[in-house]
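Using the sequences provided together with the hints, build the complete structure.
As they're listed, the protein sequences go chains A and B. Sequential numbering of the first sequence, starting at 0, is according to numbering that gives the first Met the number 0. Sequential numbering of the second sequence, starting at 0, is according to numbering that gives the first Met the number 0.
Careful, some of the hints might be misleading.
[What the hints assert, rightly or not] Calculated lysine to any residue pairs in the SDA-like style (CA-CA distance at most 25 Å, straight line): (1) A:Lys51 x B:Thr12; (2) A:Lys144 x B:Arg24; (3) B:Lys144 x A:Gly53; (4) B:Lys144 x A:Lys144; (5) B:Lys144 x A:Gly23; (6) B:Lys144 x A:Arg24; (7) A:Lys144 x A:Ala25; (8) A:Lys144 x B:His69; (9) B:Lys51 x A:Gly23; (10) A:Lys200 x A:Lys144; (11) A:Lys51 x B:Pro11; (12) B:Lys144 x B:His345; (13) B:Lys144 x A:Thr26; (14) B:Lys144 x B:Glu339; (15) B:Lys51 x B:His69; (16) A:Lys200 x A:Glu108; (17) B:Lys51 x A:Gly53.
[Stated by the list, open to error] Okay, the calculated bits of chain B under chain A, using three or more residues with CB under 8 Å as the criterion: (18) 316-326; (19) 345-358.
Derived from the structure by calculation, the hints contain no laboratory data. Beta carbons: idealized from backbone N, C-alpha and C, even for Gly.
Spelled out, the chains give:
Protein chains: 2
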Amino acid sequence: MPADRSQAPGPPTISEVAAEAGVGRATAARTLGGYGYVSPELRERVLSAAEKLGYRANALARSMSTGVSHTLGVIVADIGNPFFAGVVRGICDTSRARGFDTIVLSTYENLEEEIAATNVLIDKRVDGVIIASAAVGRGEVAHIKAAMDRVPVVLVDRAVAALDLDTVVIDNRDAAREAVEMLITAGHRRIGFVWGPPVAKPPATRRELLAQASRNLWTDGERLRGYLDALDDARIPFDPELVMAGRKTEERATAEVARMLAIPDRITAVFCTETDAVTGALRALRAAGLSYPRDIALIGFDDSAWAAVMEPPLTMIAQPVHELGAKAAQVLLDTLEGAEPGRETHTLRSRLIVRASVSAPPAS
Amino acid sequence: MPADRSQAPGPPTISEVAAEAGVGRATAARTLGGYGYVSPELRERVLSAAEKLGYRANALARSMSTGVSHTLGVIVADIGNPFFAGVVRGICDTSRARGFDTIVLSTYENLEEEIAATNVLIDKRVDGVIIASAAVGRGEVAHIKAAMDRVPVVLVDRAVAALDLDTVVIDNRDAAREAVEMLITAGHRRIGFVWGPPVAKPPATRRELLAQASRNLWTDGERLRGYLDALDDARIPFDPELVMAGRKTEERATAEVARMLAIPDRITAVFCTETDAVTGALRALRAAGLSYPRDIALIGFDDSAWAAVMEPPLTMIAQPVHELGAKAAQVLLDTLEGAEPGRETHTLRSRLIVRASVSAPPAS
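Below, the structure written as structure tokens:
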């Protein structure tokens, strides 16, 4: 039954809108309040009725009830990676201590999901955003720039060349260099790099490899540069055959390490840049009947409880994951509380945890 | 400079409110729009000015621009646990395929954080909520009931006795029973249970143990019941000395397995209910100079890439983590799309992945 507005003394109410639309009051309230689910058809009817009656909600009252959201939004590339789970923990602990809640979205390395996630956070009116972005090129950062127009944004884990804003990362290049130097000091010269840029065609030259790396994630590129730094310092010639090509999956790492073990002048050491690369490499060693550190040396990212209980325990790079998240939250919260937004890159130091997966290469 | 409203032709604008408050237009827009951070003092000034001028935002326009949020909210006990990361992935994949975004909050097993997280999700107007709750007793569920008054809620991973609503879990009791049966079939009768209820004083009797379990997480209690089921079926007497007591940490698991290895009639097998319990147990074995499966058998939750590359590889229970999340999202989305909200418990089956960490006990 349409509401008769001719007798109404004040502005239309939600009940009147509901009656005009022929829906329940709860449905009208949800539609007009913007919370909860309402089917598109009913929503349309409520909005038409509201327009017809000239309904206006009291936004001021709502703003006073919800207030400042005191919520940080976090976008990570893959919450299933224990590295990012640790970073999120650092963000949550710091923001909680300063009175902010934290909501997290995971993009699974998909740029379109990242754009959608950014929109969700702005739509949900978070006070600031921390992103570990999958964006690389200048053409992929429009969503981050749009977010920056609304709220402060801090990058975590991954620098993005096209963006000039506060960034909190670890010393990927130095960490990789130190690990590969340790392998070289132990006597290794044939050192596999797992994994490289995710390309279909393996790079034939060092220049091509670096060009591919620069079109991919900053983190991966830095780790590759650290590997090359260590080779250069020791005057070990670069061999493209020792760099993994293809998609960055555990299965692929297994296949590529198997390939590097099968070539005539085989690898005697392997450097892995991710946990899945480490477990992939270990599968290849077992399949080839090889043991570490006797037959092959191994160092990888990231240290974990498992790496410590392997027999022998693995020498691993430990990233300061909690500190990384805590620092990103601190930089963001300082900005929210009045500090000038910076354009600084904060670099935290990782640590090489020396255990027992590196010894001299087998006598050939 | 206060705005002079006497000449104003229409309703007051944001710019007029800003002028009245003596703040910038952006600050007024953020305050009145309810997004972004504004200091409490400036907010107060803007709201006073808005009230004085009779400012009303057009909520209808906002409702049309933001629309239904098409966002699911997820609260997990610990996003740092790969189990929950896998569940979240299942939720995200399913909700994405059906046009919904997913935002996640992690409570780190803290009930107060869970209450805050629930409020955040309602405040952010998600369309539905999935919770792996830390709540146990009737007195701990008021926040979930309050959420249920606003949006559909589905429980995942953990049933809560005081709540009668759609719940998606795995067959914890059967999974534990099957694993312990495998140990018994291999000849073990002294089987450690790591970990039990997190209590200061170890339980002295079976009844006390079960009473403590019922005051703790449903999942842990179910796994304990499965352990006891298997012992009962084999007529193996229950020995409270073989149940871990104390906080559920890797360090504590190490200390408790060391204790169980040091008693005269020592354990010959250990059943671990969490990944951290497994790595804790493995540390204790190494410290005691024992190898599995020769000196001791081991089965644990949850299977992982690491468990598969251990030498020997570990026999583990694989929970259907992705399916668990996907099912919870499906049940919630079906409700949002008009299905009657159920009060059903959906139980998914786990799998025992048999590898090489179980053999007969050492001859005594």
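Can you name, in rising order, the numbers of the hints this structure does not satisfy? 3, 4, 7, 9, 10, 15, 18 and 19
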